[in-house]
Amino acid sequence: MWRYVIPVAVFAVLAVFLYRGLYLNPGYIPSPLVGKPAPEFSLPDLENLDRQVGSRDYEGQVALLNVWATWCVGCRQEHPFLVELARSSGVPIYGLNWKDDRDKALEWLDTLGDPYVASAFDVEGDVAIDWGVYGAPETFLIGRDGTILHKHIAPLTPEIWRRDFLPKIAEECGSLPCPLAEGEE
Amino acid sequence: MIPEFGHFALILALCLALAQAVLPLAGAARGNAHWMALARPAAAGQFVFCATAFAALAYAFLTDDFSVRFVALNSNTALPAFYKFAAVWGGHEGSLLFWSTVLAIWTLAVAWTGRAQPQEFSSRVLGVLGIVSAGVLLFTLLTSNPFDRLAAAPVDGNDLNPLLQDPAMVLHPPMLYIGYVGLAVPFAFAVAALLAGQLTKDWARWTRPWVSGPWIFLTLGIALGSWWAYYELGWGGWWFWDPVENASFMPWLVATALMHSLAVTERRGLFKSWTILLAIAAFSLSFLGTFLTRSGVLISVHAFAADPARGLFILMLLALISGGALALYAAKAKDLTADGGFRLLSRESFLLANNILLTIAAAAVLFGTIYPLFLDALGFGQISVGPPYFNTMFLVPMLPLAALLGIGMHAAWRNTPRHLLLDKLKWPAIFAAAAGVVVPWLVFGTTSVLTVLGIVIALWIVVTALIEPVRKLVGRGGAPLTRAQWGMFVAHLGVGLFILGATVTSAYDAELDHAATPGEQWEAGGYEFTFVGTRNVEGPNYTAVEGEFEVRRNGELVTVMRPQQRVYRVQQSPMTEAAIDAALHRDVFVALGQSLGGDAWSVRVRVKPLISLLWLGAVVMAFGGLLGVTDRRYRSQPAPRAERIEAEVPAAARPVEGS
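Protein chains in written order, with our numbering: chain A, 1 to 185; chain B, 186 to 844.
Treat the hints with care, since some could be wrong.
The list that follows gives simulated cross-link-like pairs (lysine to aspartate or glutamate, EDC-like), each with its CA atoms no further than 16 Å apart [claimed, not checked]:
hint, chain 1, residue 1, chain 2, residue 2
1, A, K151, A, D164
2, A, K36, A, D145
3, B, K386, B, D524
4, A, K104, B, D784
5, A, K99, A, D45
6, A, K99, B, D784
If you're looking for bench data, these hints aren't it; they were derived computationally from the structure.
Work the whole structure out from these sequences, hints included.
Below, the structure is given as structure tokens:
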């Protein structure tokens, strides 16, 4: 009676696939911008409106671009970690202050600390549209050749930093902290 | 000290489980009554030590003992005490301990009621349960010990996953686990029958409550999970065909099929090897569910634990338990012969159709769940199978099943005269068809083929399920219904209500995603919404932005809704806490999405008619199951001779037989 053997045979095939499945890399769907050149921009500096901040400032460097605003709860949550990163990681952090009130933003940096090399003041939100920002906070990791290496939506945490950002930075630079590209400084 | 005590209790539980696994089975094989007699005390002792270990872990949580790694990872001093207790099963290690404890409770119940059964049989059942228990306890102790200490205790813990900090989530996992684990009992009964090489009607009668019991918990657990996803994930959907959901749904489908095939096995001595196979499959699928959700093989919206080493251990356990049982089935199932035959128009035929269709549905869900894994393993790249596949593949067997259900309830065993069925069901059919076409058109103004089909079938089931109960309540129509028959009608009524809710809410929900600024007004699903504004709120362990929305209908204020966007302080993950105004005829759902800069927020509004029937239907189904389990004939053991003769009375004399 072979039909009684069918269930155990089906199970055996299933078990083999499940075993293979254990060692496969689970899939994830990357953001469409990842791997593409980062959009160029130039905006007034939040702290000194006469000066311009833009993609040229971090040209040839590995850098972070953090989209923030004072009205965003998640930004307040991640802020202490950004301050710590700025102190210890060696990766320059640029801010994109998005659709914000300048006075409130300056007060925020005064009271909570300023992790940013500079913050671009995007009051209209045009640059954010180019970058495909659809909520704050978002953090972009930009490579030395200006491509977006990674994009993280939601507050940055030490765990996410270690898991998603550090491996990509190490790959880009070879070692930490990331050396500046030739020709800079 | 207390955690070490718990750890020690867990080791003792493993020792007793091993004793319970080996000696009673060996005793039954060799006819040694002393060895068999060990099964019951071993089961009792195992329960005591599992419960002790569980209490020790709960104590560590309630006293904030962050030197225990599992507590430090899943709790926090600011966590409300209620959630501290629920956090015991909020992580991988603790949920395994909970699994073992629940199995110990089921085993104790089997040992207690098994005294009325032949010693050889109950020893085999307890022996098989011992194997399962030993495997899971070994897994817990070797790969996921909840009592592991940290070298240096942190000042405060990492907090419970914010997704789980919710009243429904406190109840959902225990319900599901009780159901999952309970299916080990019919599995053990099936293996015991295979070992004995014979399957009697008594066997089927002993087994039935042990299928219905876990089934009740699974039904409620799945409904709670769906409800939780509906309001906590903030998407407004209630079923996502997510691997974790499928993992709980597949055992439910197979357990449902098993309940029905057991009815035939008990009454007619048919479908024997099929019943055995379903019992093995139901538990194997719940074990597979554990594998899928615990191994990281499949990525899911709510994957909570993922680790390949643990996955390998569970897979080996699955191979041992399910593979072993199926190999035994291959060797012994041919000995289980049927006792008789049946005609086309009989309850047996309808239950056979039920089994085939439910099995097809379960297979379709299983295939869709692991298909991406197959493709990836064969090197075809990564894909994901979405709701369109599942909705189609699930509806194809479900529609005929639901339509046949209405007739099947009224078919008699062996053979049913056609004119009796026709007389009884003519008017319900006409009513359901007419109402299904006209009512949605009158109420909502539009309709579609699939919607009409769904509503007609739902009404058909509701009406046919009510015929007999109503006749009995108004004092017409012969012998009173047994409690099991009441259970059958009530459970099927629940199915009808569920289908009605699912159809109407899918066809007529109003959705609107809106970028709103304070003061703005808009309309959706017959309601006017006004966005009043947002403010900051401080919770015990989170910070939130709370939106305020006024909801009006025809200018009159219905309710004020306050959805939140929370950020939990320790894990810093953002969470959507939707606001829902629930009523029997509709839910209004408002969720606050991303901030869009300035005062603007993305707002998600849903108006969902009859969605309450989804959960109500599930509760009614579970209640029907409860009525069935508490039927007299499962308590009086063995069945009095008279009752069994009565069960064989030809169909025409008893148009309504319990299932």
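Verification of the supplied hints:
no.	hint	in the structure
1	A:K151 / A:D164	holds (9 Å)
2	A:K36 / A:D145	holds (10 Å)
3	B:K386 / B:D524	holds (10 Å)
4	A:K104 / B:D784	holds (14 Å)
5	A:K99 / A:D45	holds (14 Å)
6	A:K99 / B:D784	holds (10 Å)
The earlier numbered hints are all upheld by this structure, with none contradicted.
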